[in-house]
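Enquirer: Here is what each chain is made of, one letter per residue.
There are 2 protein chains.
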Amino acid sequence: MLDKTTRINYLFDFYQALLTPKQRNYMEMYYLEDYSLGEISELSEVSRQAVYDNIKRTEQMLESYEKKLHLYDKFQSRIVLLDKIEHDLEKSAPTTDVISMLNQLKEID
Amino acid sequence: MLDKTTRINYLFDFYQALLTPKQRNYMEMYYLEDYSLGEISELSEVSRQAVYDNIKRTEQMLESYEKKLHLYDKFQSRIVLLDKIEHDLEKSAPTTDVISMLNQLKEID
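These protein sequences, in sequence, are chains A and B.
Taking the numbering used here, the leading residue of the first sequence gets 1, the next gets one more, and so forth.
Taking the numbering used here, the leading residue of the second sequence gets 1, the next gets one more, and so forth.
Just so you know, these hints were derived from the structure itself, not from any lab.
Careful, some of the hints might be misleading.
If several chains are the same, the list does not tell them apart, and a pair holds so long as it fits within one copy or across any two.
[To be verified] Calculated pairs, DSSO-like style, for lysine-lysine (alpha carbon to alpha carbon, straight line, at most 27 Å):
no., residue 1, residue 2
1, K56, K68
2, K84, K56
3, K106, K4
4, K106, K56
5, K91, K68
6, K91, K56
7, K22, K91
8, K4, K91
9, K106, K84
10, K67, K106
11, K56, K74
12, K106, K22
13, K91, K67
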């Protein structure tokens with residue numbers, strides 16, 4: 001089971017383009033740069049409660065996008081399949097081209 | 001070059017979950033079931049112009065989602081790579097497992 005922070009980080013990766021700059025900013029400070037709610041509140045000159053509410057609402061939006069588009073879910077399914085394919089191909093000495101293309105596939109999230 | 005209808009059909013596939021039921025409904029009638037604007041207008045009891053405006057706005061929304069999330073673009077890149085991998089593997093007699101997994105990958109859009 002993934003912890004919640006890891007999941008939110010992934011969802012943020014997939015859906016951040018759909019957020020407002022303010023939402024993105026709070027999420028980055030809180031989840032990526034590890035600022036506390038109090039610190040974000042001071043730096044942004046809004047109440048701690050407003051920052052908290054914004055972050056919670058954004059998390060709900062990310063979950064709601066995932067429920068509709070399943071990008072994280074599909075990404076995970078692809079990684080499982082790509083790992084299995086790589087593993088199966090190891091026996092048959094695949095060309096470096098094939099290995100490189102499999103790696104490129106992993107990078108298209 | 002893809003014609004516009006094909007592109008819109010793909011974008012609709014990828015992003016329809018983000019549309020309202022009304023938007024989805026008009027788009028389905030117009031693009032999938034090939035109703036004319038006049039027929040949709042009669043069936044929906046709204047003006048032809050309202051139907052037209054709604055469909056045009058929805059098309060813009062689909063393009064705007066694609067600009068942000070690139071799902072169709074990424075899908076195309078994956079298909080190109082998967083086809084190349086399949087082609088390369090043909091020489092080395094891949095297992096049916098590998099072929100089946102490559103096909104599964106194609107189905108995860």
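Enquirer: Could you tell me which of the hints above the structure violates, numbers in ascending order?
Expert: 2, 4, 5, 6, 7, 8, 12, 13
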